[in-house]
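There are 2 protein chains.
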Amino acid sequence: MNPPPNITDPLVLFMPSGKRGRFPVGTPLLDAARSLGVYVESVCGGRATCGRCQIEVQEGNFAKHKIVSTLDHISPKGPKEERYERVRGLPEHRRLSCSATVQGDLVIDVPQDTVINAQVVRKAATDRVIERNAAVQLCYVEVEEPDMHKPLGDLDRLKVSLEKDWGWKDLLVAPHLIPKIQKILRTKLPDQPEVSEGKWGVTAVVHRDMDSSRPFIIDLYPGLKNEAYGIACDIGSTTIAMHLVSLLSGRIVASSGTSNPQIRFGEDLMSRVSYVMMNPDGREAMTRAVREAVNTLIGKVCEEGGVDRHDIFDCVFVGNPIMHHLFLGIDPTELGQAPFALAVSGALQFWAHEIDIEVAPGARLYTLPCIAGHVGADAAGATLSEGPYRQDGMMLLVDVGTNAEIVLGNRTRVVAASSPTGPAFEGAEISSGQRAAPGAIERVRIDPETLEPRYRVIGTDKWSDEEGFEEASWATGVTGICGSAIIEVVAEMYLTGIISEDGVIDGAMAERSPRIVPNGRTFSYLLREGRQGEPRITVTQNDIRAIQLAKAALYAGVKLLMEKQGVEAVDTIRFAGAFGSFIDPKYAMVLGLIPDCDLSQVKAVGNAAGTGALMALLNRDHRREIETQVSRIEKIETALEPSFQQIFVNAMALPNKVDAFPKLAEQVKLPPRKVVEQPGGDGSPRRRSREERAARRQRD
Amino acid sequence: MNPPPNITDPLVLFMPSGKRGRFPVGTPLLDAARSLGVYVESVCGGRATCGRCQIEVQEGNFAKHKIVSTLDHISPKGPKEERYERVRGLPEHRRLSCSATVQGDLVIDVPQDTVINAQVVRKAATDRVIERNAAVQLCYVEVEEPDMHKPLGDLDRLKVSLEKDWGWKDLLVAPHLIPKIQKILRTKLPDQPEVSEGKWGVTAVVHRDMDSSRPFIIDLYPGLKNEAYGIACDIGSTTIAMHLVSLLSGRIVASSGTSNPQIRFGEDLMSRVSYVMMNPDGREAMTRAVREAVNTLIGKVCEEGGVDRHDIFDCVFVGNPIMHHLFLGIDPTELGQAPFALAVSGALQFWAHEIDIEVAPGARLYTLPCIAGHVGADAAGATLSEGPYRQDGMMLLVDVGTNAEIVLGNRTRVVAASSPTGPAFEGAEISSGQRAAPGAIERVRIDPETLEPRYRVIGTDKWSDEEGFEEASWATGVTGICGSAIIEVVAEMYLTGIISEDGVIDGAMAERSPRIVPNGRTFSYLLREGRQGEPRITVTQNDIRAIQLAKAALYAGVKLLMEKQGVEAVDTIRFAGAFGSFIDPKYAMVLGLIPDCDLSQVKAVGNAAGTGALMALLNRDHRREIETQVSRIEKIETALEPSFQQIFVNAMALPNKVDAFPKLAEQVKLPPRKVVEQPGGDGSPRRRSREERAARRQRD
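Going down the list, the sequences are from chains R and S.
Read in the numbering used here, the first sequence has 81 at position 81, and its numbers run on one by one without any break.
Read in the numbering used here, the second sequence has 468 at position 468, and its numbers run on one by one without any break.
Hints listed in this document are in silico derivations from the structure and should not be mistaken for laboratory results.
From the three backbone atoms N, C-alpha and C, an ideal C-beta is built for every residue, glycine too.
Hints are not guaranteed to be accurate.
[Claimed, not checked] For lysine-lysine, the following BS3-like pairs were computed, each having C-alpha atoms within a straight-line distance of at most 27 Å: (1) S:K635 / R:K150; (2) R:K164 / S:K635; (3) S:K635 / R:K169; (4) S:K150 / S:K183; (5) S:K586 / S:K663.
[As the list claims (entries may be wrong)] Over 10 Å on every C-beta distance to chain R, these chain S residues come out as not near it, computed from the model: (6) Q182; (7) P339; (8) R390; (9) A510; (10) E568; (11) P585; (12) A660.
Work the whole structure out from these sequences, hints included.
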C-alpha cells in the first residue's frame, strides 16, 4: 500500500511497546503502527469517524533513541479529523492516527485508555495489563446498494465489502442474522451523515475465534457501532464472580459477584452431586439455577457499567469440573465416583443462547478446558493467569477450597492434582467455625509467656486487646472463627507450645493458664468467654485434628507433585481463591499446609481463575495458550500413589514429621520438638493406626 | 499399511469403475478398493460386523484384461465373516471385502445395491447413477473406558479413537450431544457381543461438509448403527417434492409430494409477496406453513420407507427465490420490487432444528445457492442436474412456470434469465383453462381437411374419436383444457390455418367448419360442445393472445440469452418441471415457445431441481460444483436490454416474425405464411402499438 521505507525516511517509535520503524513522509500513523504489529483499534476503517485510533505525540529529544520528536513532525489536522473533533470531541494532544501522517521523526504514545462514550469509568479490577487481541472485532463498511445487473444477494455483497476493506475471507454468518440482514442494511440513521451516498453504512461484529477456522459475522448494526463488551465469569461453588469489559479498550467496566444459588441444593460439591443422583430433575434444576444467577449477575454488572446487555458479544467461563458440567447441562454424577470421568475435558464453544445466556443474539461463549476430574477450568484459568509454565523457577499454585486444586511446575513440566481437604478450612467441622462474615474472628495472636490471646474480628479495626474493642465489636458481635483465624490459632498454639508437633493439646499447660481447659478426656483452648448472648469460643482437640487432616491432605498432594517433579523445595507459591487472600502465608507454612519457601515468594493472587478468564476474553491467543498447556499438564491421582499414605501420616505433624522448613525457620522461631502422650494414655502405635485410618479415608 | 505392490503380485480389477491395481497376496479387498479410490462403504471399520462392504467375485477368463478370475483367488471365509453370515445372513456369492483377501488375479464387482436391514425396497425414482460421497459418514469405534491416570474427558477420548481408526482430525461436536455423551458411551446393547471387553463400542455420525472446514460429530449411538438417511426437497410454489435416500447405499427409499399450503395465502408468487406486505404476521405465517408441510411430508416419506425420521441426518433444499426466502424465514418483500434484491444468494448451511425441521437432533440442512432475484436455488438444482457447463454443445434449460427460469450455456460460459410468462401456460387466464387434473383435456389434434378436433382427457386412455370415449370419460367429465393441451390446440390451429401467423382466428374459415364461431367482434374455435352439466369448451381470440404473450415473453428471454452467447441456434433443449414433462416439444416449437432445434435433442427432464438437490445430498462434491458454477453464471436482466421490446414483438408471431425454424420444418409441415386482418379492421400500425404496450407491460 505504502512505498517501501528508505534509510532517510523519518523514524517512528511507538510506546509503550517500543516498536520502531522508518516510514515515508505522508504515511498515516495507523498504517505505520499496524505494519509494526502495534495494536491500535479502529472500527471505522480509517474514515475518522470512530475515534478509536487515538495517539499522542511525545515531544522532546529522546537521546537514547536518537529521535527528536516535535508536534511539527505530525501533519496538522485535516478536515475529517476536524469534523471528528467538532462533533465528538478530542482530548488535548490527542490525534486520530488514521488521519495524522508522519512528517518527521516521532515518538508516539498509544494510550491504553481510549474510552469513547463511556457512561462510567471505574478503577481497574486488576492491575495486570493484558495485551489485547479480542476474538470480536467491529468492522464498519459501506456496502453497495443492489443493482439488477448484479444478482449477488445483500449478505453476499456485505461479505465482498468486508473482504475488500478488512481482508476477511470466507466469512460465515450467524443464522439469527439471515432474516434481519435486509432491514439492517436499509436502515438509515439520521445522525450518521458520514455514510457515502448510494452506499449502506453498517458495522459488522466479526468473531474470529470460532471453533471452525472461519471468521463469523455474529451481528450487524446500521451505521457506526462503536462499542462491544465481553464478560469473564468464574462459577465457584459458593460465589459467582464476573468482570464486564470493553473489548475495544480492554477497560474493565464493572466487576461483581453473587452467591451461587445452587447452595440451596447442597453446601458442598459432593452434596450437589448427590442431589442430582437422588432427584430426577435435580440436574436440570441446578443448571437452571446457575444460569439464572449468571443472567442476573450480567444485569447487575451492566447496570453498574451503564451497558446494554445486548452489547455483550463474547463470554468466557471457568469453574470447577462440577460447576462446569452443571452450567453446560451435563450430569455430574460420573464426577462423584471413581474414575471421576469428565464428560468433556477440552475447551468448548457455544452460541451464548445455546446455554441460555441472555446477551447479544449472536454472542459466543467459551469455556476453558478442564485439567482433570477434580482439577477444573478454574484451575486452568489460574494456571493461565499465574503461568507456572512461563517460569524458570518451580511454582506452586494452590487454590484451597473443600477440594484443593494444586498445580506445580515450570517451563519444562507442569503437574497437577487435587486434594480432598474437606470443609475444615472454611470453618465447617470446627466447633466454633463459621464463614468469613462480620463477627467472625479473622486474626489471632497468642502471647508466648502468658498464653493470653488477642484477636481481630471482621467488621472492626481494633484488636481485642485495644481500648474500645468491646464497644466496636458490639454491632457485629463475636460469633465464631473463620478459616484464616483457624489457621492462625492452631499455628500460634503450636508456636507457643500449647500443642505438640503431633497436634495434642498439652494438658500440663493448664497449670500455666486458665485458658487450657479440660474437655472430657482431652483439653481445649478458650479463645473468648463470650458476652451475654454470644457463644463461648474454644479450640478443641477435635478442631485441631480436623485442621491436621485437612492440611495433611493438601500437603500430601503438594508433596507428591514435588516428588513427581523430583524437587525438594519450590521457588514460589501462589495462593488463589478467596481463602488464599485472607490467610497469612507465614501461619500456613508454620502449620505445614504448604512446603518450605522464602516467605517473600509466597503471594495471594485473589481470583486468579477469573483473571485467567479475563485474559482469554481479551486475547484469543491466551485461549490457544491454555488449551496447549492443559494438554501438556500431567495429572497425578494422589490417592493411587503408593507413597501417599506415608506422606499423609508424616504431614499430620506440625509442620511435618520429616520435612524440614529451613527458610521458615529463618523468619519464625519454631518451638523445640515436643511430644505429648495422647490423653487416655493411648500410645504411639494406636495413634499411628488411627492416622493411617484417616489416610485411607482420604483415599476412598 | 500394506507392502508396496510388485509386478508379480495379483492383479485386481474393480467393476463397474474399471479401476485396477496389483496387490500382494493377503491384502484385504476393502484396502485394495480404497487404495484405488473405489468407493466401498464400511461402518464398522473392518470388524466384519456392519456388512456394508460386500463385493462379488466375477468368475471367468477376462481376455481383454488378461485376467483369469476364480473363486480360488479369494481367501475362504474366516471366523469373523462366518459369524456375520450366521448372524446377519450374506447373499450367495457375496463376500465381506474387509475380511476377504487377495489370493490371485480377480475381477471384483462392487454392487450398487448393498441394502442392509431394509424394510421396503423400491424402484429408483431416477435412473441416474450418482457417485456417492455423502457429507455424512457413520464411523464405529471402540473407546477406551476412563482411567484415573488419564484425565481426558469421555468426549475427548472418543475423538482420539475417531482420529486413530478413521483419521478424523480436529473433530468438533454438535452442542446437543455434549450433555448426552456419557450416557451414550455407557449404554451396553445386549445384541452386540462384538464390542471388545473394556471398550465402549459406539457409532459416531460424522458430518464432513460443515461450512466450517472441520468435521463435526453430529450424533452418537451405542453399538453399531448401520443406516443413515437424508432428504432432498424441492419447494415449489405449487408443490413440494421430496426424496428420502439412504446415505450409505444411495438407494431412494421413498419419493413423494404434497401441495404447498402457502397457496391459501396466494396462488402465485407475487400474490404471496403482497400478502407479506399487507399482513404484519404474513411472513411468519407463510414460513410456518411451509415448514409444517415439509415436516408432514418427511413423515409421509418415512412411513412409506419404514424409516424413523430421527435417522435423517442431512437435508438439501432447493426452491425459487421467494420459496427459498420464506422457508428460511426471510421477508421476500424486496424480491417483489426492483431491483429484486436477494437477502442472500450464496449456499447456506444450518442445523435442521434452526429451521424447525424435525429430523435427527444433529441433522444439517443445506440450501443450494440462488442464481439471481428471479432465478432461484431450484434453477441452480436443475443446472447441477442437467449441467450445461459440462457440455460442449449449447444447452438451453427451461423451467416453465408463472415465472420461467432460463439457463443457456456450455463448458465456456453460462448465462441465465427469468421471464414473467404469467400463468397462461398453467391454464389460468384461459377461458376454458384448468389445472392438469382428471377431466382436463391434455392432448389435441385437428384434422387439416375437416378442421374437426380429437382430444384425450386425463383419466381416460381413449382419444375422443375412439369408440367408448364418452363412456370412459363419464366418471371424470370433460371439464377444461390444461397447459399442455393449450399449447397443442393453438399450435394445431396454426398448422391447419385456422389462425394466421399473427394469431388471428380467420373468420373466413367459418365457411369451411361450423367449429369456427363468431364471438363478439372476433371468432372462437369450438373444441367440444359439452354434455349435460359440462362446460362448452372453446378457444377464444383472447386465449390465443394470452398464449402469444406468454410464449413471446419466454422466447424473448431465450433469444436475449442466445444473443449474449452470440449463437443463432441451440444444440439441446431441456424442459424441467412438471409442465415441461407434459408438453410435446414439437408443439412447443411450432408455437415458437422455444427456438429451433433438432427435435431428438429436446427432452423433458421432470423435476430436475429435485434431482439436483439429490445429487448435492449424495455427493458433497456436487455442492462445491454448483456453488462455483453459480458464481460464474452471468445473470441477464432481460427487461433492461434495449433489444427486448423488438424481440418480444417479433416473438408474438407463430412461430416467429423473423427467426427461422429450419430443423422444425424438416419434421413438421409448417403452413404457408398467412396474414389475416384483425377483426374490426384495425390495421397493422394499431396492432403493432398494442403489442408494444404488451411488451412494455412485461418490462414493468
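So, going through the hints one by one against the coordinates:
no.	hint	in the structure
1	S:K635 / R:K150	holds (7 Å)
2	R:K164 / S:K635	holds (23 Å)
3	S:K635 / R:K169	holds (24 Å)
4	S:K150 / S:K183	holds (19 Å)
5	S:K586 / S:K663	holds (11 Å)
6	Q182	violated (5 Å)
7	P339	violated (4 Å)
8	R390	holds (22 Å)
9	A510	holds (47 Å)
10	E568	holds (25 Å)
11	P585	holds (29 Å)
12	A660	holds (31 Å)
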